[in-house]
Amino acid sequence: MPSVPKIGMRLIKTAVAVFLCFLVDFFRDGGTPFYSAIAAILCMQPELGSSLKVGKERIIATIIGGIVGMAMLAFERYAVPIEPVLVRYLVISIMVIILMYITVLLKKPSCAYLTCVVFMSIVISHVADANIYVFALNRILDTLIGIFIAIVINAIHIPHRKEQGLLFVCDLDHNLLSKNGDISQHSKIHLSRLLKEGACISFVTADTPASVLPHMEQMPFTMPLVILNGVALYDTKTHTYVSQHNLPLSTVQPVYELLKRHHMNCFIHVISKDNLHIYYGDFRHAKEEQYYEETRMQQQNAYIYAENLYDTQNIPCYLKIMDTKENLLQLQKELKLLPQYQSLSSTILPYPSDESYGFLGIYCNQASIGKAALELKQKTCSSTLISFIGDSDCASLLEVSDLSYVSDQADVSLQAKATGTFSVSSKNGSVKKIEEFYWKPFFKNKK
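In this text, residue positions in the sequence shown follow my numbering: the first is 107, and each later residue adds one.
Hints were generated in silico from the structure; no laboratory data involved.
Please note that a few of the clues may not be correct.
27 Å max Cα-Cα, derived DSSO-like pairs, lysine-lysine [claimed, not checked]:
id, residue 1, residue 2
1, Lys523, Lys343
2, Lys477, Lys523
3, Lys294, Lys214
4, Lys477, Lys343
5, Lys294, Lys439
6, Lys159, Lys213
Keep in mind the model is a prediction, meaning the values are calculated, not measured.
All chains should be modelled from the sequences, with the hints used to inform the complete structure.
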């Protein structure tokens, strides 16, 4: 049975703001609480910044729509009446075009809808009012009251004490990301607030920065990303690779020979001067080309075709082979028989677009998610490392964590080693846990 969503703070704040709008109108003559209440509801956003943005748009729309509506009524009343009624409706419809075009000229296209609503509420609903100027001014004032109340209420937060010295490391691929590769809006909002408040949160992915950053737009990162299964740390602020583990050419040459014998292509990842280059050869099957087309336009990825791929002298940090899972398992078996494999690690990852295909990732055995997390812990001088793990691919993270929480959908043996579990049914379980650790009520004594 699905759990019933809780009534969130935004809903409660919205109700409080609406009541205050009615309360203000109770002590004020000439206003209409309907307009201030609507403005408050529209401006009550998940974040204060969003409320300010919506409030600004609402003010602009009200002023433009109010002035133009007032001007049209004044023209009809004191100059030329627009008759018959069908002609008047035609003029109003043409004015809608003009109003929307004004918002485009002002580079505020998002105000178009509200501008037209305000305009028509004046020229249609209040054409018979005795004093059109009083109504228009009251309309603007009502909106400003609603916006002001919403912003003030949204700025109020229950005071918390921030728990210092904590480093949170989250598995992105098997935890926060959904099947279609997105993070839920709820998680984005709460993570952004945590990051803005100074929480040290790093995210772990087996992919490149280009693959995950589009899903995390406008998030104020405070820590580098752990990418390619711990091969490198990527700083999203400076767009630099803080650290990386390369594969010596002497180690990868036998791997290249193995791939040649199997007539397999490889995506060779090379980090050079803080740029990630991905070298590739001729595609061996349609899925490989499909994956290339899906990722080649991503901003941080720079694909380079190499005619003689395995003759390149560039020092790689990560090798990625795509094929059917059956072929990859066979390749991995042969790979482990190479003498050089003692310096390597490998893992097979799924291809989200087709479950019968996957990727074999090959990298230096000195690189691991756990070691990358310890490096971050040392850099931040954190006293406690708390991890949130979604799959056995991040098992090395569990081993180095002071506290570890595993997805309730992960392997039972992995759950048994962890401090506890979290639910991934709504993709918000780990975020709630982070909030519980980071924000403590002021009245609660420190342990």
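Any of the earlier hints contradicted here, and which numbers?
1 and 5
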